[in-house]
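Respectively, the protein sequence lines represent chains A and B. When the count follows this note's numbering, it moves up by one through the first sequence with no breaks and lands on 122 for the last residue. When the count follows this note's numbering, it moves up by one through the second sequence with no breaks and lands on 119 for the last residue.
Fair warning: there could be bad hints in the mix.
[Claimed, not checked] Result set (BS3-like, lysine-lysine): computed pairs, CA atoms no more than 30 Å apart in a straight line:
#, chain 1, residue 1, chain 2, residue 2
1, B, K61, A, K84
2, A, K79, B, K61
3, B, K7, B, K61
4, A, K84, B, K57
5, A, K76, B, K105
[To be verified] Only part of the chain A face toward chain B is listed, based on derived beta-carbon distances under 10 Å:
#, residue
6, Q12
7, Y39
8, R49
9, I52
10, E58
11, K61
12, F112
Worth flagging that the hints you see were computed from the coordinates, not collected in a lab. Beta carbons are placed, not taken as given, at the ideal position from N, Cα and C, and that holds for glycine.
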Amino acid sequence: AQTVTQSQPEMSVQEAETVTLSCTYDTSESNYYLFWYKQPPSRQMILVIRQEAYKQQNATENRFSVNFQKAAKSFSLKISDSQLGDTAMYFCAFMNTQGGSEKLVFGKGMKLTVNP
Amino acid sequence: DVKVTQSSRYLVKRTGEKVFLECVQDMDHENMFWYRQDPGLGLRLIYFSYDVKMKEKGDIPEGYSVSREKKERFSLILESASTNQTSMYLCASSFYSGGAKDGYTFGSGTRLTVV
Numbered sequence: 007a008q009t010v011t012q013s014q015p016e017m018s019v020q021e022a023e024t025v026t027l028s029c030t031y032d033t034s035e036s037n038y039y040l041f042w043y044k045q046p047p048s049r050q051m052i053l054v055i056r057q058e059a060y061k062q063q064n065a066t067e068n069r070f071s072v073n074f075q076k077a078a079k080s081f082s083l084k085i086s087d088s089q090l091g092d093t094a095m096y097f098c099a100f101m102n103t104q105g106g107s108e109k110l111v112f113g114k115g116m117k118l119t120v121n122p
Numbered sequence: 005d006v007k008v009t010q011s012s013r014y015l016v017k018r019t020g021e022k023v024f025l026e027c028v029q030d031m032d033h034e035n036m037f038w039y040r041q042d043p044g045l046g047l048r049l050i051y052f053s054y055d056v057k058m059k060e061k062g063d064i065p066e067g068y069s070v071s072r073e074k075k076e077r078f079s080l081i082l083e084s085a086s087t088n089q090t091s092m093y094l095c096a097s098s099f100y101s102g103g104a105k106d107g108y109t110f111g112s113g114t115r116l117t118v119v
């Protein structure tokens with residue numbers, strides 16, 4: 007079974023600084039997808055960024071980028087120029103599409119606080 | 005915008021009651037999911053469905069059942085609510101073979117308290 011580990015339960019950062027959230031995963035599959043979701047206090051889960059395992063290029067979405075290290079099974083999220091609105095729970099998630107299954111397996115989450 | 009609507013934002017029920025959590029999506033998604041979210045445990049999959057009347061167990065199905073009579077609606081049923089089922093429940097949906105491309109669309113969650 008796949009597992010996703012987020013070892014840092016909580017972090018804080020000053021506004022405008024850069025912060026990196028770590029995530030590791032375990033799988034024997036070669037083709038899969040990785041995601042970062044954000045859950046602000048409103049509770050609405052929002053997709054931040056996704057990475058396809060067969061693509062070597064790291065995904066980027068505006069201020070959000072990932073460092074995907076397939077051999078190390080590591081998938082960290084970098085947030086540049088942190089904003090107060092980035093305060094949220096962040097979840098790393100894994101999806102194995104073998105056999106048509108598209109279940110997301112989530113890590114335990116990390117609470118990020120951006121301070122003014 | 006794709007919308008996944010959960011009927012209740014907050015719910016308080018008594019131990020032993022039968023509880024229905026409703027989820028409706030309006031984008032013709034084939035896949036629907038129920039997760040449970042607890043602090044320090046992340047999201048854990050309870051049940052999912054790929055089609056009408058089809059269901060599969062997730063990682064923690066004990067004490068729960070589901071119903072999908074129509075494509076847009078996926079109900080989670082607590083047959084006899086217990087205090088250890090106090091939690092946040094999240095519903096999600098996606099197109100078949102679209103989850104990898106687009107991820108899931110989530111509802112806003114139902115915070116259930118069993119007293």
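Now for the hints, and whether the structure bears them out:
This hinted pair does not check out: K61 of chain B and K84 of chain A have alpha carbons roughly 34 Å apart, beyond 30 Å. With a CA separation close to 27 Å, the supplied pair K79 of chain A and K61 of chain B stays within the 30 Å bound. At most 30 Å may separate the alpha-carbon atoms for a hinted pair to count; K7 of chain B and K61 of chain B meet this at roughly 24 Å. A hinted pair counts as satisfied when its Cα atoms are at most 30 Å apart, and K84 of chain A with K57 of chain B does not qualify at roughly 41 Å.
Under the criterion of a C-alpha separation no larger than 30 Å, the hint pairing K76 of chain A with K105 of chain B is consistent with the structure, at around 19 Å. Against a cut-off of 10 Å between C-beta atoms, the interface hint on Q12 of chain A holds, since the closest Cβ of chain B lies about 8 Å away. With its C-beta approaching chain B no nearer than about 5 Å, Y39 of chain A sits inside the 10 Å limit, and its interface hint holds. At about 5 Å, the closest approach between the beta carbon of R49 of chain A and any beta carbon in chain B falls short of 10 Å, and the interface hint on this residue holds.
Below 10 Å, beta-carbon pairs count as interface contacts, and I52 of chain A has one with chain B at about 8 Å; its hint therefore holds. Because the closest C-beta pair between E58 of chain A and chain B is about 8 Å apart, less than 10 Å, the hint holds. For K61 of chain A, the shortest C-beta to C-beta distance to chain B is roughly 12 Å, which exceeds 10 Å, and the interface hint is violated. Of the supplied interface hints, the one on F112 of chain A holds, with its beta-carbon coming within about 4 Å of a beta-carbon of chain B, less than 10 Å.
When held up to the earlier numbered hints, the structure conflicts with 1, 4 and 11 and fits the remainder.
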